[in-house]
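Visitor: In my numbering, the protein residues as written are 1 to 198.
Please keep in mind that the hints were generated in silico from the structure rather than gathered at the bench. Hints should not be assumed to be uniformly reliable.
[What the hints assert, rightly or not] Computed cross-link-like contacts, SDA-like style, restricted to lysine to any residue with a CA-CA straight-line distance of at most 20 Å:
| id | residue 1 | residue 2 |
| --- | --- | --- |
| 1 | LYS26 | SER192 |
| 2 | LYS26 | THR157 |
| 3 | LYS26 | LEU183 |
| 4 | LYS26 | PRO36 |
| 5 | LYS26 | PHE163 |
| 6 | LYS26 | GLU40 |
| 7 | LYS26 | GLU178 |
| 8 | LYS26 | GLY153 |
| 9 | LYS26 | ARG150 |
| 10 | LYS26 | TRP182 |
| 11 | LYS26 | GLN148 |
| 12 | LYS26 | GLY149 |
[Stated by the list, open to error] Just the calculated beta-carbon pair ranges, DEER-fashion:
| id | residue 1 | residue 2 | range |
| --- | --- | --- | --- |
| 13 | GLY149 | ARG181 | 42 to 48 Å |
| 14 | SER71 | ALA28 | 27 to 33 Å |
| 15 | ARG181 | ARG150 | 37 to 43 Å |
| 16 | ASN66 | ARG150 | 18 to 24 Å |
| 17 | ALA49 | THR179 | 32 to 38 Å |
| 18 | TRP95 | THR179 | 19 to 25 Å |
| 19 | GLU107 | ASP51 | 16 to 22 Å |
| 20 | ALA147 | ARG68 | 35 to 41 Å |
Quick reminder that beta carbons are idealized off the backbone N, C-alpha and C, glycines included.
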Amino acid sequence: MPNRLAASRFLWLALVAVLLAAFLLKPALRRLFPIPYAREIAAAAQENALDPFLLAALVRVESGFNPRAVSSRGARGLMQVMPDTGQWIASQMGWSAFDPDDLFEPELNLRMGAWYLRALLDQFDGRPVVALAAYNAGRTRVQEWLAQGRWDGREETLEDIPFGETRHHVRRVLTTLETYRWLYDGSFQQVSPDLNRM
């Protein structure tokens with residue numbers, strides 16, 4: 001009986017210690033996982049009916065919040081939009097003038113990337129995992145994978161995604177998404193006090 005009591009006390013103390021550490025560490029961890037451009041991300045997410053944490057996670061993975069980022073394939077800006085995709089998005093959004101250098105403008109890049117992510121979600125029946133795979137590998141490829149049965153589009157079967165880069169990308173976005181939700185208690189308003197005035 002004394003061993004059970006001691007074990008029970010130890011478990012309770014361990015649980016309290018873990019919860020206290022998590023509570024005290026959150027502010028420090030928030031500094032390691034900031035969300036720059038929070039106001040612009042919130043606006044683009046709201047405009048496109050997206051979870052702002054999903055958008056922020058995608059930006060962190062795509063560019064590390066660097067608005068001047070350029071990939072080896074030529075994708076640009078915060079959401080790493082390809083110039084030809086940017087041209088298509090601009091035409092779909094009804095914008096008459098588009099210059100690939102516009103993709104270096106954070107607010108414009110976020111609006112375009114968010115619009116594209118929403119279009120992918122709509123195309124793939126609201127399935128975020130499939131939309132994220134398509135954002136990385138391209139819509140046509142993902143359609144082929146699904147049609148050929150190479151991947152069923154579920155998070156549980158990410159290992160079946162034919163491209164390692166895309167598998168890794170989707171995993172990183174989902175992990176970052178859950179990290180942000182935990183750090184900010186599921187409320188994007190906690191990211192910045194300014195967001196309360198939106």
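Visitor: With reference to the structure, classify each hint as holding or not holding.
Guide: Evaluation of the provided hints:
no.	hint	result
1	LYS26 x SER192	15 Å, holds
2	LYS26 x THR157	31 Å, violated
3	LYS26 x LEU183	6 Å, holds
4	LYS26 x PRO36	17 Å, holds
5	LYS26 x PHE163	34 Å, violated
6	LYS26 x GLU40	24 Å, violated
7	LYS26 x GLU178	14 Å, holds
8	LYS26 x GLY153	33 Å, violated
9	LYS26 x ARG150	40 Å, violated
10	LYS26 x TRP182	9 Å, holds
11	LYS26 x GLN148	44 Å, violated
12	LYS26 x GLY149	42 Å, violated
13	GLY149 x ARG181: 42 to 48 Å	32 Å, violated
14	SER71 x ALA28: 27 to 33 Å	31 Å, holds
15	ARG181 x ARG150: 37 to 43 Å	30 Å, violated
16	ASN66 x ARG150: 18 to 24 Å	33 Å, violated
17	ALA49 x THR179: 32 to 38 Å	23 Å, violated
18	TRP95 x THR179: 19 to 25 Å	34 Å, violated
19	GLU107 x ASP51: 16 to 22 Å	19 Å, holds
20	ALA147 x ARG68: 35 to 41 Å	37 Å, holds
Of the numbered hints stated above, those contradicted by the structure are hints 2, 5, 6, 8, 9, 11, 12, 13, 15, 16, 17, 18, listed in ascending order.
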